[in-house]
Amino acid sequence: MTTPAVFANIRWEVTRLVRSRRVFLLSIPPVAGPIGSAIAFLYFHVQYQSTALLLGLLVTGGLSTLVMLDLSALSVGEELSRRAHFTLFTLPEERWAMLAGRVIVVFGASLAVYALGAALVSVLAAELVPATGGSIAINSSHLIEGVAVMLLFLGAVTLTASIITRSASEALVAGVLSAVVTVAVAGYFLLQGTLTMLFPAVLGVAAVIALGWSFVSYSDLES
Amino acid sequence: MSTEALLMRGVTKRYGTLDALKDVTFTIKQGEAVGYLGPNGAGKTTTLKLFSGLTRPDAGAVSVAGFDILHERQKALTRIGVLVETPGILPYLSGTDLLMHVAEVKGVPLNERMASVQAAASSLGVKDQLGRTLGSLSTGLLRRVLLASAMVGNPTTLLLDEPTLGLDPAARADLRVTLKGLHKKGTTIFLTTHLIDDVEEVCGRAIFLREGQVAGDEAVSPEITGDGATGAIVVKTLDQVNLADITGLIKPPSAAELRSEREVVIRFQGGDAAQSDILRALVTGGVRVLGVSPLGPDLAARYMATVGRQEAV
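These protein sequence lines map, in sequence, to chains F and W. Under my numbering, the first residue of the first sequence is numbered 8, with each subsequent residue one higher. Under my numbering, the first residue of the second sequence is numbered 4, with each subsequent residue one higher.
By construction, these hints were calculated from the structure, which means they are not laboratory data. Some clues are possibly wrong.
To be verified - Cross-link-like lysine to aspartate or glutamate pairs, in silico, EDC-like; alpha carbons within 20 Å at most:
| # | chain 1 | residue 1 | chain 2 | residue 2 |
| --- | --- | --- | --- | --- |
| 1 | W | K32 | W | D220 |
| 2 | W | K239 | W | E266 |
| 3 | W | K78 | F | D227 |
| 4 | W | K188 | W | E35 |
| 5 | W | K78 | F | E101 |
| 6 | W | K78 | F | E229 |
| 7 | W | K187 | W | D200 |
| 8 | W | K187 | W | E35 |
| 9 | W | K32 | W | E221 |
Construct the complete structure from the given sequences, taking the supplied hints into account.
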């Protein structure tokens, strides 16, 4: 029995995550996120569950962003900067399948651990902060979705940068800068009272464009 | 199946303003072992990258086993095993990780995968090293593991770029034996190297590359015995050779041919006795013989005559 190309590359990326021990990074959002948030709830005497949830989601989202940036930068950038693609590109497989395998693992894992962290934060907010109600600037369910889309966007931008620069470290810098700009723009809209779901929708479209460009460019990449 | 393992027709490849290859044309038949020789920057690695789909030609056609590398890339790559330059590695992966992935992508069935990996590793003497991380291997061992990855799945053609680089003498000799064995079994071998004796030992044909163009394409061991002769020797003399004197001393059908000021090639019929008679005739005739050696391929001399000394580009 032979393996379809995408599955072979999913296995390859999982092997890389495990052997490089980067897999342990995935424990950060669902462990450090909720624990850090819980400490913050208690230390700051957070009054309302909605405020606690907001705080916890921002902490977990921030940690998930770091994981997403790191894994995205290394998924392609490491092979290109180390010239390991001299071996991998000569194998009889489509480049889109190579990239798809890596993207599925990296994006899937980063979003999954964010979702797990967000779920745990919700539980802790309910357990540790009894009072319901309170007035917050962002709807928490919108924040959960918005952060997820932002993670996708930043992952796509970092992936694109790693293909352009052929360097994981430069891609990581590009990803961090993108994250700073994204958060700054979101903060500006929030202060102006104009932050709506249009913002993550635009990020989502940009992510799709970046991913599409990455697949086309990766397929045409010459050594 | 095409009888042409590798084909390059009118290929030009430019890097910016530099012409790496200029209108290169050659064919390598199934089962041939060909050495591809040239100085640094002549375009050897570019040629290998073109055959392995790592780069595209600016003009001309490149095909592997009859499949165009641009339009039927996957079919072409299924036929070949490649070791390009010094590929990078992911140091935390083990040899098994890499070779199993290669086997999987090359379509080796799951139940045969480990056997295929171990067979390739065994042929290069690195079966016991597969469990180690690539980053912990010495240069020579790493090169052998990477070579093994090219051999996984029994490709019909091997494209090897300096395969003996970094190997100790024993490992180099072992690799030559392995390559000769693969060639005998019908594997096509395309070997780019600076080491002419590797080509002399493994290959039957040599292509010389000079400034991105094919400067020579010839048999590694040209017919050393011509005109009915069965043997040929190179006689080195103390004094300058006088070809007329030597021709007068040896009996036809033996024939002498000047090789250099103090070297003469003598072709003769017969075995050791005939060779001994010729040498006696030379010595008694007053030729001060310094040494005698059988006429070999002497690819190095032909390479220098064809390519000459060149600045690397």
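K78/W and D227/F: Cα distance at most 20 Å? Holds: K78/W and D227/F sit about 18 Å apart, inside 20 Å.
Between K188/W and E35/W, is the straight-line Cα distance small enough, at 20 Å or below? The hint holds at about 11 Å.
**Message:** Check the hint pairing K187/W with D200/W against an upper bound of 20 Å on the C-alpha distance.
**Reply:** holds, 19 Å
Quiz item: Is it true that the CA of K32/W sits at most 20 Å from the CA of E221/W?
Solution: Between K32/W and E221/W the Cα gap is close to 14 Å, so the pair holds against 20 Å.
Does K187/W pair with E35/W here, judged by a C-alpha cut-off of 20 Å? holds, 10 Å
- Could you grab the alpha-carbon distance between K239/W and E266/W and see if it respects the 20 Å cut-off? holds, 5 Å
### Task
Assess, step by step, whether the Cα of K78/W is no farther than 20 Å from the Cα of E229/F, and give holds or violated.
holds, 19 Å
Worksheet item: If you draw a straight line from the CA of K78/W to the CA of E101/F, is it 20 Å or shorter?
Response: Answer holds: K78/W to E101/F is near 11 Å, not above 20 Å.
Checklist line | Pair hint outcome, K32/W versus D220/W [Cα-Cα no greater than 20 Å] | finding: holds, 14 Å
Comparing the model with each earlier hint shows no violations; every hint is respected.
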